[in-house]
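**Q** Quick mapping for you: the protein sequence lines, in order, are chains E and D.
For the first sequence, my numbering begins at 1 and goes up steadily by one.
For the second sequence, my numbering begins at 1 and goes up steadily by one.
Derived by calculation from the structure, the hints in this document are not laboratory data.
Mixed in with the good hints there might be a few duds.
Claimed, not checked - Part of the chain D face toward chain E, derived, beta carbon under 8 Å:
| hint | residue |
| --- | --- |
| 1 | V678 |
| 2 | P781 |
| 3 | Q824 |
Note that beta-carbon positions come from the ideal geometry of N, C-alpha and C, so glycine has one too.
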Amino acid sequence: MKLYKTIFSLIMLMLASSCEKWLDINRDPNNPSDANEELTLAAGISSVAYVYGGKYQVLGALWSQHWTQSLGASQYSGLDSYDINSSTYNGQFNELYSGALANLEYIRNLAYKNRHWRYYLMATVMQCYTYQLLVDLYDQIPFSEALKGDEGLVAPHYENGQDIYDSLIARIDYALSLDLESEDAEEVGSEDILFNGNLSRWKELAATLKLKIYLRQVYVRPQVAENGVRALYADPEIKFLATDVAMTQFTNESGRRNPLFETEITALGMNPNLILSSTLLSFMNEKGDVERLDALFDYPEQGSGGHKGLVQGNYNDPEEPTGTNSTNYSKPVLLPLEPIYLMSSTESLLLQAEAIARYNVKTYTAAKDLYQDGIDRAFNRLGFADGEAYYGPGDPYEFPAEGSPVEEFIKSIILQKWVSLANIQSLETFFEHNRTHYPPESRVTAADNNYIPGELTVSVNNVTSGRFPKRLIFAETEYSGNPNTPPKKDVTEKIWWDKKTDD
Amino acid sequence: MKRLVIAVLLLIPLTGIRVFSQSRTVTGIIKSAEDSLPLPGATVVVKGTETGAVSNLDGFYSISVPLATDTLIYSFVGLQSQSVAINGRQTIDIVLSSGFYEVREVVVTALGISRDSKALGYSATSVNNEEITRSRDRSVLNSLQGKVAGVDISSASGAPGSSTRILLRGLSSLAGSNQPLFIIDGIPVNNSYSGSTSINGGIDYGNKINDLNPEDIESVSVLKGASGAALYGSRAANGVIIITTKKGAREETKPEIAVTSSMGFEYPLRLVRYQNEFGQGLYGDAVAYENTSWGPAFDNKFHYWGNEIDNTLRVKSYRGLEKNVREFFTTGRNYNNSLSVSSGNEQMTYYLSYSNILQDGIFPTSSDSYSRHTVSLRSTVKLSKRLSTAISVNYVKKINRFVPTGQGEQSVYNQVMQTPRDISLLELEDINDPWNNLDNYYSLYTVNPYFLLKKNGNRNNEDRFYGNFDLDYSITKHLTAKLRLGADLSHEQAKLWRAVIEPQGNNEFASIYEPGVVSESTQSIRQFNTDVLLTYSQKFGDFSLDLLAGHNLNERSSNSLYAAVSNLTIPDFYQLSNSSETPVADGSYGQRRLVGVYGSADIGYTSLWFLSVTVRNDWSSTLPKQHNSFFYPGISSSLVFTELFPGIRKVVTFGKIRAAYTRVGNDAGAYQINTVFVNAGHSDGYGSLRYPLPNGVNSYEVSNQIGNQELKPELSTEYEIGTDMRFFHNRVSLDFSYYNKVTTDLIWPAPLASSSGYSAKVINLGKITNKGIEALLNITPVKYKSFQWDLTFNFSRNRNLLVELNDNLDRIVFNSLVVEGGQQIHYVGKPDRPIGIFEGRTAMRDDQGRIVVDNNGLPKAAEDLKEYGTREYDFIAGAGTRFSFKGIQLSANIDIKQGGIMYSRTKDISVWAGTVPVTLYNNRQPFIIPNSVYEVDQDESGNPIYAENNIPINAVTLVDYWGNGGVDLDGNSMVDKSYVKLREAALTYDIPKSLLTKVKMKGIELSVTGRNLLLWTPDGQTYIDPEQTTFGNDLVADFGEYGAQPTVRSVTFGLRLIF
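Okay, chain E solo, but in the shape it has when bound:
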């Protein structure tokens, strides 16, 4: 037996060497094994845009009560009743981490090695934008240990939102400090799907993102927020965004449309789940903001005249006649070519207005101009020349008079953000509601005589004993794959910067 084995292994050895080459065919011919920054940047950005402008828009719109689940359908009844679990938005968490953030991390690492500082800045800013989004949704997220699976680190620890916020500022500052203007710096072109390689715009976005990060902390770390904002305004080099940060590369073909349209209209059919919430309707009616209402929402296909909204979360309305469906209600206008606004100019301008209103870093007039400019941009987006008719003296959206209490300014600015970002950046208005408590949370139901139009009413079918939702629940794939995932938090538990106390 021994001899036999020896002979056998000899034969094997001989054959092994000759077949080594014949066997060397395991390099994947279908997928490249290398890619540079130019090839990977667009995917890193579009991944964020896809989530933010798609499913996150639905989440934001339901929870900030722009939209509600329609009758006769049930796709979002769980979300609209705050009945969520760790599977809810698991896919989006995965897309952002293993898609967007991982790709942007690859670019950051490669660009750092290649000293391609412009790519480094772009990837860093996009990554910081995404991390802030995730912190605002989940409170704690993996950060410094994240995205290192290829190095064997597969169970990153979760870190506090506050620490991550501080790191984001540091990362943006570092990226801005690099030699971006050198003559032999790399050219960035259309792979930058937001600004087509315009470096100034990226710097503005970086500055505005910092502003947003600071302002988000005004009630939890007032001093950090104030110092940060003041430092930004003290630097004469710094400019904030006055243009939209938007992905516009859509065409009316399957798989190439605006993702919200693609999913809600093309894929989920002609009987939409999403209809106008009576919360937003009551506010806009109250303010006489009817031109924008008509532009944002289609009239009901059935029934007589006028917009009709459904009380938030009342998708099982027993009073409605049998078989009532979404055709009896106004529906959000979703368009195949609608850009995805990662940060609209309205948001940026209103952020700046708030910074001035809070800290007087510029004049009252500057704040008022920014506020009005912000409203104009929102009207422009819907095809109107401006919003002057709504913010002039005595008009519903008039800027508070000079010397008014700061809270008055904040209320006007945030309510305006809530209305103006409807249909495009609803999630941002959800965060801003949690931060500033505008629009306020109603103590009575929408049917109550004391109901104040525009106040948020807790979903009729809520599963939270009447409490509003404040966050998402850590993702299912984290629980199954990362033992360092913190214990589950309730959907109604506030996140770290949600500290404002109403007096």
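Here the structure of chain E is known, so what remains is to put chain D in place on it, guided by the hints.
**A** Below, chain D alone, put in the same frame as chain E:
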């Protein structure tokens, strides 16, 4: 009784027939016990030698035997062989009797070498041509159902050409294939599955082993364990199915021509049992545009229904239509013809055949159809004394059309199942009728199924060549060299089209929209295999020694192309150019290679004891270089103990015990060791965004899967012990095996938390065990003259266990059905549990076990998912009976599977739509869920305080209640998959030979065969045939069915003529 000349080649050693010089001649006549007629083509072999002879047409044989010889062995395929002591006789007449169901004595083993079954140290079962063709089924695998112990065979659906899956000794690979390796005449062939397991329009064009013409098959050997298979390499770890094709007989003087023809009729076997008390509507009210049966109770009065056209409404009697679904289906038909010519002499043999099948399934129209043409040519030529060659060339042409399964507006059956109980499907047939067209069809949520059948479609066109070329050279008397080249090349071209659906008018607000789609795809799969073998055979006194050394090269490659456009410019015109949109186009290529070196040594001591040792080393292209070589040995032995105690032969005619031990390595899939970049694209599960972007920017993303440079092969270790015993002169026989198989280092794309930046890494993990028993019992209770009654029973049970995963994983998910805020069904593997556990939501219960309801009185879902059961059967069994009297044979067999559960979308959607009796609970009157509570407050520590539920389920919430699965939630859509099936009943009549001599024919056989005639399922399972699947033919297939079309019952009339 078989008067077919069956390839006696099986029994003739490759070295041919040699005549010894010092010999004498023995002659005689070999007859069949069944009808006492002569057996042409039976063989006589001198025991312990390769010397043999074949009987002629009159059953006459003449053999030269060496003087020293004392025993002759007589055999005929399908009959029991007999050993007869010569005792100096010159004339020996022999009567051979039937071996019912199995070729007992001769089993084709690894590398196509025939072995006396008593020499085998492992379990192998053969099924002969007669058993296979009696089914009159297009599929060889379907024909084996219920006939072999330990073989789990299920057909995916009743659709023409759909696939069949087979599982031997349980699941042992998580990501790899669990299908056995298929070998035709010594070369591995492709058994891949074509289709889509999408739940939005699933398609099953079948698996490739079903391309074979059953008439061409001589026998099928099933090597259930890894043992018999070590010589075939990695892929044989799941067992091997060895198919031996018919060859021309050497002793024929003139060509034999066989013609078979059959015609079959198919009917739905199991349709959902519907309720006939409530009709169209919602919340208890009549709603004209609903697709559900939640309306008012039937009153048998005339009511308006459907849409209004030109101020006109239709009227019909409002009553339940018991047969509206059954009458929708038509009678399926199939026609099967086959012609073969074969002949041969000492120098050469040939076999030439042609067959065709035309099948149109039970859906109206020919949207579900199958046609297959096969041509085969096989020949052996003796080129010189030492050199001989064999060639086999086979061509298959197959065209499938399949009606898609699943949800949404692509699946026809989905529309049928949701049709309200009062609406006649037959009356919807004319799709141009103004009431039935898209604009005025009664439902806003479904499409006229006839529209889908008539306007949509698909077609898969396959061309396939496979075959082999063998060269044999006798170097010396004992040493032979063999070269075997094999190739299997298939090319498939599929086209799929869907019509534009954009209703106007009354249905303008319908939830159905389809922009129109046309797609074309091609797939080529190639496999090349070469073996070089040296065999050495020698006898040393009572010992025999067979040595074998071989070298194997195997290459498998595939490439595919896909292109599709949607939004058709010209409706009803299906060309890729017919759209203003940019087409989606993609292609991929895959290639893998394997080098193997192997050897075996077989030692025999008289007919008492046998020992076989095998070794093999493989080098695979798919593994990292440092791990790409893996070695695996095997050893098996058998002891014929009746040889030791001849005294017991009066009772125990034959008795053997056997034992085997084998290890088998299994490589990875191609391209899993490196991390790559993939073309960018994003999806939310409904819609997607693809690259390039409209501004011409293309982009790539870091793949979500991390490559693994440390990947090792999977390793299976199996031992089996068994016995083969026959009693009372073969009137009773029992074959029993016990096996235990352990598989480690399983290759699996282990999920990673996406915060790592990746979603998976292919790693080696875990351990699976499969332990089980297989038993086959044959009894011949009555045997009197030409009457014989045979019974057969088989039983097997497998205990599968995923012993462990790894430290980081508490479960792995094979398949999931998750609806945002609703259904959450997962099909998973968990440590210390069998593979394939079903998990789903269950109702929340308080600590007293009472159901917790929400403020609508509906059950809340518990936080944790409940384990509902596993895919695994408790046992599989079969029983058969056969009566034969002269030329008449009547046989039947049943197939039993007990235990296990599966997901049924058919049940799910039927309950949701209120069409089934379970939804009649409490006569649909308001009720409070018994023993339920609701949360009234929370105590100080935030724990809920419950009070007795007083919120009734009303007409509105009733729909949600059932739509969500009642109190069982997701458990409602899982069904017990136990069944008993009358798998086959056949009556055949061979016209006596005496009547045929005048017409110069060798045989005429008439038959009628019924397949799947009856189905019994446990109480409450009134929805589906649990064999069905829409999830392919491997591990995930056992998840269940997502709107599979019904299986069929068939009756086939056949005729066989032999000239």
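**Q** Against this structure, judge whether each hint is valid.
**A** We went through each hint and held it up to the structure:
1. V678: 5 Å, holds
2. P781: 48 Å, violated
3. Q824: 7 Å, holds
Comparing the model with each earlier hint shows a violation of hint 2 alone; every other hint is respected.
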